[in-house]
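Chains as they are written, first to last, in this note's numbering: chain A, 1 to 288; chain B, 289 to 664; chain C, 665 to 1230.
No lab work stands behind these hints, which were simulated from the structure alone.
Predicted model, so just to flag it, every value in this text is computed and none were measured.
Be careful, since some hints might not be right.
[What the hints assert, rightly or not] Listed next, the stretches of chain A that the computed footprint assigns to chain B, with coverage defined by at least 3 CB atoms under 8 Å from CB atoms of chain B:
#1 10-20
#2 122-128
#3 200-211
#4 255-261
From the three backbone atoms N, C-alpha and C, an ideal C-beta is built for every residue, glycine too.
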Amino acid sequence: MNPLTQALISGAMSGAVYALLATGLVIAYHTSRVVNLAHGESYAVAGMVTAAISGVGFSLLLAIPAGIAAAMLFSFLVERVLLRPRRDWPVSGLILVTLAAAFLIRGVLGAAMGVDGFSFPRLFVGPPLRFAGGALPLQGLGLVAIGLAAALAVTLFLQRTQLGRQLRAAAENPDAAELMGIDVDRIRTLAFALAGGLGGLGAVLLVPLVSVDFESGLGMTLHGFIAAALAGMSPSLAIVAGFGLGLAEALATTYFGALAQDPIVFLLLIAVALWQSRLIRFGGTARA
Amino acid sequence: MTLTRIVGLALFAAFAAGTAQAADPWVIGIIAPTTGPLTTVGLRQLSAVQWWEQDVNSKGGIRGRRVQIVHCNDEGSPEKAVTCARDLIDKKSLLILNSSVTGPIRATMQLVTQGPVMITPSPNVMPEASTFVFQTSPSDLALTQAIADYLKENHADSLAIIAATDASGEVGVASAAAIFPKSGIKYDLARIDLRANDASVQLANVAKAGVPLIYSNYSGAGAAAVVKSYSNLGLTQPLLISYANISDSFINVIKSDMPPRLLGTGLTAVSPELITDPEERKRIEYFVTSYEAWKKEKMDNLSLQGLGLADTAAAILTQVDDPSNAVAVRDFLEKTPIKSIATFRYSRESHIGLGAKDISILEYKDGRWVKAAPLK
Amino acid sequence: MILRRLVMLLLAGGAIASPYVGIVPGWTPALATAVALNALALIGLNLIFGVVGMLAFGQAAFMALPAYGAGVLQHAGMPLAAALVLGLAATVATARIVGSLFARLPGVFLAVGTLGFGFVVEGLARAFPAWTGGASGLVFPSGRAIGRDLWYGIAVASLAIGLASYSWHVRGAVWRRLRTIRHDELAAAVLGIDTAREKARQFTIGSSYAAVGGLLLAYYVGVLVPEDAGVNRSLEQVGTVLMGGLGFLLGPLVGAALVRWLFVVAGYGARYELLIYGVVFLGVVIYARDGMMGWLIGAWQRVAPPPRRRSIPAVAPSRERVATKRSGVCLEVRGIAKRFGGVQALADIDFEVRAGEIFAMVGPNGAGKSTLFNIISGIEAPSAGTILLDGRDVTGLAIDRRAPFIGRSFQVARLVPELTAIANLMVRLDQIMPERPEAEREAIALAQLGSFGLAALADQPVRTLSLGQHKLIDLARAAAGDPPLVLLDEPAVGLAADELLHLAELLETLRSRGSAVLIVEHNIEFVAGIAERGIVLDSGKVIALGGIRDILADERVNAAYFGALA
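Build the full structure now, drawing on both the sequences and the hints.
The following block contains the structure:
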């Protein structure tokens, strides 16, 4: 076996999930200025709902769309019910609201489904692809391909379509966007639902390779945030940052051991953050 | 509803819960993480202890007094565990059962240097015989020895080990270094980060052709990634999972990627037909039936560890004249074997109640754990 | 007043005694000890995040570092006391380095830098078990010798010292400075604050609270595990501080007490524990947008409205006017050019402004007026040329260092809404005359407000005032301390006719005090009425310079200016 190939495969699989989570976190952040601390919960919701539906015997083809829909619904509700009525609040207060929403949904998942881990069968079944001394499971291939495609699609949507441009306009200056006739509320809700969908997609692709429980969301929020922050909260960089983070982790573990992984990866993260921020002055306040 | 009303209601509910108890019960404290990453461990053991509470009280309690279990959630954090332990001591707990993990247990041990007796099923603590702490599990060294013995019985001399970067992984690595070279077994070790989604790199590094057995020391739900990566790589060697993962919930998570042979180091009691002592066997069979009817959930290795805690508490309440006298309780435990999921035997020299003889290498076949077949 | 103090004293006493009374279920001495020690550490995060607005995710790492440092040094054979002192010193030094790297950066970069730092510390603690105890934990045996009540006493006393030192630290000028940075860093820099240095300083001070609290906590708990340094705990702490209320003295204590107590009480709910916790947490959060302290203070003020603090003096206190009336050339702009990428925004700008004159800068939008203004105030560096102030070359001088010479207003007033009018003025005075006592600066600020006809508003938080009043306060602030040069960016915008008259009078006052006044203004009539001389810019070039009437009459000016407007 070739450790480099295997590390790249492993890193790409993690990277796809990070990219999905980071993209969602960034688009929600851009439309609302809120770092959604309940973002990873969409992963947990989708994973748990899919596991529950497939667990009672329904087909994955039903369970997976239901799981993703549940994640979108959750994310939509966070925006519509909790954030929108408080749009005049300071951002810090809204961040706390999303944290509370995360606690609440964890409580709901725990009470409804218990505290044990769940998983469900893979969508892509078959012997792994073997190449260059590595093995890539079909589910992993699906995860990387679909994850990348979905994250790219959202990024292109933001850059190329009318609605996407409105979304970005709403992000940059909500008041001006409102004056231009853009329905900022609708755009925000759309961004949150889309973000939830991406998190849910990550779950239905990854969970068959790991497990999900009522508290899986926290780790996913953190992963997404690290990748998003690495991208400087820029939507066009979120995919690169996600895959970069996944690959850096896998390579560090392979060549320096799991105990060295965090110090190496996060020193790199610090270096990247310093490099990205080298030209920023005055805390990024707008010019006079 | 106003905030004040919510807080008021919460206060009232909590207050009512606090005062509704009957007078003078036997108070037993239990520290168990019921939220956070160790929830599965804490909740299983807590449930078994709570089963015992209702079971013994439905039979009139012990020596005419009810048993009251006071639970405190430490979330696996040493700081919260210390708050729990100090509160339980203030509430005059006769015993503290500790279902948490290494760090929190080591923190709370420092608070019971004058008693009360603390009983823990964690195999990683290995308390000194001079303390008031007793361990109802075999030590991690004994668990490792059982694996070495199994390999030797099968004339195998090498092993691949995957260990996590948490405390049980750290203890596991130390045990491996202490046991396997002595038994003439070579091993390759790879660590895996707790947040990892994939273990294929680690497995590719250590599970080389010719290695007859892969041992995943990783405890907890994250270990599912090891089993699934094993399946992704199309490996064929038997996979041995850790002591703490012999549970239905873990099997449930990996069932669509079941290795050709899944082994585990568990208490022999997980497979009750292997128990030879009729008293132990009767106790386990009663627990299995009664617990599963009461909780509507299957018992597993973790529930059995909870039962071990409960039975130890029951023996103390039944047989020690003054269970509030920590020294008397300690002397009792050091002198008296206790029949439960196995027979706990402590002494003035050792506070570890089980040993290699209480452990079996088990194999998962047709939905249950049985004695492992020979390694091919 | 006495009654107020008495009530406070009773509340404090009651709070300290509360865990022993046993009225509140689950609120025990052990929990209160943990809460107090955590609150001590969180004073730092409240300073960094709550007061200065820096979102730091690595405070748990700063809590664990001194304990790990002390543990490692003890392992290396150093006696306990020396190890503790060195551990703390090493942590403060580390905080200084992390602070100087990241504190100047905006939110997300600081968050990611400190988050990364937390992971590095947690990872290193795991990776070297021989030194740090690894994942199984580092044991601190010394704490066990201390009993429950003594620990509670230590925790309460150290928290009290922590809170007292915090309120001593963030009073007066420091508070005003930090709130200005939090609200608007650019405005803070123009007012003379070295924001990068100040933020790094507060980050170091805040992290020192975390270090002391964390060290005590490690000895209280007796075991330190890598997760204690980790990101989950840091995140929990950010939530706790938010819950308590950002920037309130008691925020960390109230937040920690509420979060930890709710956690304990929710535990009575067995398998619904997390659900109960979530519901109550959410309930509190959506009722209290400024955290629990914001809610409590709001409620308290409804019961007992705060007294008016100041009686407005009828006459401004007499003080020495500018002793020697300035004269001669104040500002010299020599050959200034500015390129943005390939665009020549300014080329060959030369002019001078004399002390005691009002000098106007006019020109159509995009002419380069704002860029030139920014170059003079130091916000942007010129590509070529020099700026001289009173004959001194200031071209390379940082913005904040120019504050003593230049006062500047903004097109849209950049005041700190939560501070009172007088406090907004004092921010500038604090910076340019730090050697004078607070009372004197207050008197000067009040006099300045008085001469702008704003004395009655002195104690009003700016957010309660009208936009026109904002404009005047911004003007008063720019001119506070009588700087040689006052830069005014479209002062007439948005003012009504009577307010314009008032403004003209004020500018005349400034001029008569000997300041050079440089104004950018679109209102040509207004400019023509007050300025003596001026400059007209178009497409980055000077198209006219001289007496105001001459330049406004210039044909090219009319073509460029009014042509562009039409």
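Within the segment 255-261 of chain A, is the number of residues with a Cβ closer than 8 Å to a Cβ of chain B three or more?
holds (count 4)
When I compare C-beta atoms, does the segment 200-211 of chain A have three or more residues closer than 8 Å to chain B?
Answer holds; 5 residues pass the 8 Å Cβ test.
Do three or more residues from the segment 122-128 of chain A put their C-beta atoms closer than 8 Å to C-beta atoms of chain B?
holds (count 3)
Within the segment 10-20 of chain A, is the number of residues with a Cβ closer than 8 Å to a Cβ of chain B three or more?
That given contact holds, which follows from 4 residues of the segment 10-20 of chain A lying within Cβ reach (below 8 Å) of chain B.
Hint violations for this structure: none, all hints satisfied.
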